[in-house]
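*Asks:* Chain by chain, the residues run as shown.
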Amino acid sequence: MSSPGLRILNTSILFLILLFVTGIQTTLWFQFFGQFPPPHLWLIVIVYVIFSRGARLSLFLTYLMGFSVLSLTATSMGMLFVNLLILYAIISTLKSRFYWGGVGYFSLMCLIASFLFHFVYLVTSMIFEHQMAEILFWSRLGQGLLTPVVAIAFYPILKRLDQWTLSEEPQMEVVGPDL
Amino acid sequence: MTLIAAQVIGRDLIIDHKTISINKGTQHGLKDGQAVITLNGVVGYVFRPQLTTSSVMLMIDRYAVADGLIQRTRASGSIEGRGTSSLSMKYIERTEDVQPGDIVVTGGLDNIFPKGFPLAIVENVERKTISISLKVDLKPLVDPRSLEEVFVVSNAANEEFQPQASVTQ
Chain A
1 MSSPGLRILN
11 TSILFLILLF
21 VTGIQTTLWF
31 QFFGQFPPPH
41 LWLIVIVYVI
51 FSRGARLSLF
61 LTYLMGFSVL
71 SLTATSMGML
81 FVNLLILYAI
91 ISTLKSRFYW
101 GGVGYFSLMC
111 LIASFLFHFV
121 YLVTSMIFEH
131 QMAEILFWSR
141 LGQGLLTPVV
151 AIAFYPILKR
161 LDQWTLSEEP
171 QMEVVGPDL
Chain B
180 MTLIAAQVIG
190 RDLIIDHKTI
200 SINKGTQHGL
210 KDGQAVITLN
220 GVVGYVFRPQ
230 LTTSSVMLMI
240 DRYAVADGLI
250 QRTRASGSIE
260 GRGTSSLSMK
270 YIERTEDVQP
280 GDIVVTGGLD
290 NIFPKGFPLA
300 IVENVERKTI
310 SISLKVDLKP
320 LVDPRSLEEV
330 FVVSNAANEE
340 FQPQASVTQ
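These protein sequence lines map, in sequence, to chains A and B.
Each residue of the first sequence is one higher than the last, beginning at 1 in this note's numbering.
Each residue of the second sequence is one higher than the last, beginning at 180 in this note's numbering.
By construction, these hints were calculated from the structure, which means they are not laboratory data.
A virtual CB, placed ideally from N, CA and C, is assigned to each residue, including glycine.
It cannot be assumed that every hint is accurate.
[Stated by the list, open to error] Derived Cβ-Cβ restraints for the label pairs, each shown as a range:
hint, chain 1, residue 1, chain 2, residue 2, range
1, A, 11, B, 208, 30 to 40 Å
2, B, 218, A, 11, 41 to 51 Å
3, A, 56, B, 267, 39 to 49 Å
4, A, 8, B, 294, 47 to 57 Å
5, B, 212, A, 76, 10 to 20 Å
6, A, 142, B, 303, 24 to 34 Å
7, B, 305, A, 130, 16 to 26 Å
8, A, 89, B, 267, 28 to 38 Å
9, B, 290, A, 132, 23 to 33 Å
10, A, 6, B, 324, 37 to 47 Å
11, B, 274, A, 94, 51 to 61 Å
12, A, 36, B, 308, 34 to 44 Å
13, A, 71, B, 309, 42 to 52 Å
Please put together the full structure from these sequences, using the hints given.
*Replies:* Shown next as C-alpha cells:
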C-alpha cells in the first residue's frame, strides 16, 4: 500500500499533466495545426482517472479536474460539471460491463468518451442554454477520431506514473459504481 | 480613442465556444466589456479579464451581441454570432433597404464598440412574408482564424471611429 505522501504526489503530478496538456490544446495546437480541431487531451487524463481510481475518488477528481480547466473555457461551471457527471456515469457503467484492460481498451474508451462528451454537450446545451450549441459536425468528428490516437501515447505515461508513485497496481474495479 | 495592443495566445478549450486569450489583463488596464478590434474590423469584446491575460469573446460566438448599422442606409439592428463562421443581423424592419454587399458598422449604442467601426458584410437578405423583420446573414470582415494581434479599445463609450488613434503597448 503506498504512503499518503506518494498518493498526494501521484495526484499532484496528474493535475500537472492535466494543466500541461490543456495548455498544449489551447495554446500550442493552433500555432502548428491552425483550425484543425485538437484532440481532447484533457479528457484523456480524466478518463484515465475514472478507470484507475475508486468510484468516489474518481468522481471527486473528475469534478476537481473540470474545475481546474474552467479558466480556459467560456463554458459555465454548471454546464461543464453536468457534462462531466453524465460522462462519468456512462464511462463507469461501461467499465463495469466491458473491461479487458490495456492500451487498446483505453484508446477505445477515450474514443467513446470524446464522442460522448460532444453528444452530451449538445443535449445539455439544448436543455439548459437559451442559445443551443451548433452541430459543428466535422470539427467534432475530427476531434473524436484524433483523441484515441493520442490516448495511445498517453496510456504508458500515466500507467508508469502510477507504478512509480503507487506501490501496487491500482485496482481496476469491475463492479458497478459504489453509490 | 486609446488602443492597447495585445497578442493572441490561446483558443477556447471547448470548440463550442469561440473565444481567444490575449496576453494583456487588468494590470495593463483592461476591463470587462472593452471592445477588441483589428485594423480591418471588429473582433469581439473582453469578457473575463484576469491579471495578465484576458478572454475575448469573438463576434462569431453564439453569445456575442453587438449593435449594428447598415452603413449605406443606416438601418439598425442587432448583430449576433451563430457559433459558426457567420453572423446574423436581427430586428431590421422589412421595409428597410438592405442588399448583399452592404457593409455593416457598429452602432455605438451598446457602449462597447466605437460607433462606425466596420464589422461585417451582408451575404444574404431574406424577406419572409410572415415576418416583420428581415433575415440578414453576415460574413465578418475579420477572419478570426488568422488573428495574431489585436487592439483593445480603452474607452469606446461615446467615441466615434476616426482613422487616427494613439496606440500604447
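*Asks:* For each hint, tell me whether it holds in the structure or not.
*Replies:* Comparing the hints with the structure gives:
1. 11/A to 208/B: 30 to 40 Å: holds (38 Å)
2. 218/B to 11/A: 41 to 51 Å: holds (47 Å)
3. 56/A to 267/B: 39 to 49 Å: For residue 267/B against residue 56/A, whose Cβ atoms are near 46 Å apart, the range 39 to 49 Å holds.
4. 8/A to 294/B: 47 to 57 Å: At roughly 56 Å between Cβ atoms, residue 294/B and residue 8/A fall inside 47 to 57 Å, so the hint holds.
5. 212/B to 76/A: 10 to 20 Å: holds (18 Å)
6. 142/A to 303/B: 24 to 34 Å: Check passed, 27 Å falls within 24 to 34 Å.
7. 305/B to 130/A: 16 to 26 Å: 23 Å Cβ-Cβ, so the 16 to 26 Å window holds.
8. 89/A to 267/B: 28 to 38 Å: holds (36 Å)
9. 290/B to 132/A: 23 to 33 Å: Given about 28 Å between the Cβ atoms, the range holds.
10. 6/A to 324/B: 37 to 47 Å: The hint (37 to 47 Å, Cβ to Cβ) holds, given that residue 6/A and residue 324/B are roughly 45 Å apart.
11. 274/B to 94/A: 51 to 61 Å: holds (57 Å)
12. 36/A to 308/B: 34 to 44 Å: holds (42 Å)
13. 71/A to 309/B: 42 to 52 Å: holds (45 Å)
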